[in-house]
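**Student:** Sequence:
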Amino acid sequence: MPSVKADWKQGLEFSVLQDGHRLTIDGTPEFGGADRGPRPKNLLLTALACCTGMDVVSILRKMKVEGYSLTVEARGEYTEEHPKVFSELEVEFIFTGRDLPRDRIERAVFLSSERYCGVSAMLRHTVDIGYTITLVEPEG
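Mapping of the sequence shown onto the working numbering: residues 9 to 148, in sequence order.
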C-alpha cells in the first residue's frame with residue numbers, strides 16, 4: 009500500500025517523505041506559512057497533470073508518434089465556501105512539433121482521461137474535468 013510520511017517542521021511547513029523522495033509542503037504567509045513549498049490542494053493539480061501526461065507520452069510512444077515536446081497545464085477553480093474545493097478543472101495539453109497527427113493525439117488524451125489515469129478517475133467523481141489540446145508549429 010502506498011504511503012507518505014509528513015513531519016511538521018514549523019508554521020504550516022511539513023517535510024514529506026514518499027518513496028525515498030523528500031518534498032516540502034507549506035502555506036502562504038497570509039495563512040501562517042513561509043511559502044517554502046507548494047500547497048496541498050495544488051499538488052492535486054500536479055498529480056493530475058503528471059499522471060495524464062505520463063499516460064499520453066506512453067500511449068503516443070506505442071503509436072510511434074515522435075518529434076514533439078509536451079507541456080501539460082492543469083488549472084482549477086475553487087468554491088467560495090469552506091471547505092474550498094475544486095469546482096472545475098481544466099487540463100491543457102500543449103504539443104509543439106511539425107505535422108503532428110491530431111487524431112492520434114486526441115485518442116491518446118481520451119484513453120488517458122477515460123481509461124488509464126488513476127488521478128483523473130478519482131477526481132472526476134467529484135468535479136468536472138475539461139481537456140483541451142493545442143498544437144503548435146515550431147518557428148523556423
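Just so you know, the hints here were simulated from the structure itself, not pulled from any lab data. Glycine included, C-beta positions come from ideal geometry on N, C-alpha and C. A portion of the hints provided could be inaccurate.
[Unchecked claim] Derived lysine-lysine pairs resembling DSS-like cross-links, with alpha carbons at most 30 Å apart:
1. 17 - 49
2. 92 - 17
3. 92 - 49
4. 92 - 13
5. 70 - 13
[To be verified] Computed Cβ-Cβ distance ranges for the label pairs, DEER-style:
6. 123 - 17: 16 to 22 Å
7. 122 - 32: 31 to 37 Å
8. 74 - 19: 42 to 48 Å
9. 102 - 132: 17 to 23 Å
**Student:** Hint by hint, say whether it matches the structure.
**Tutor:** Results of checking the hints against the structure:
1. 17 - 49: holds, 19 Å
2. 92 - 17: holds, 25 Å
3. 92 - 49: holds, 10 Å
4. 92 - 13: Satisfied, since the Cα-Cα distance of roughly 24 Å is no more than 30 Å.
5. 70 - 13: violated, 35 Å
6. 123 - 17: 16 to 22 Å: Cβ of residue 123 to Cβ of residue 17: about 39 Å, so the range 16 to 22 Å is violated.
7. 122 - 32: 31 to 37 Å: With a Cβ separation near 34 Å, residue 122 and residue 32 satisfy 31 to 37 Å, so the hint holds.
8. 74 - 19: 42 to 48 Å: holds, 46 Å
9. 102 - 132: 17 to 23 Å: holds, 22 Å
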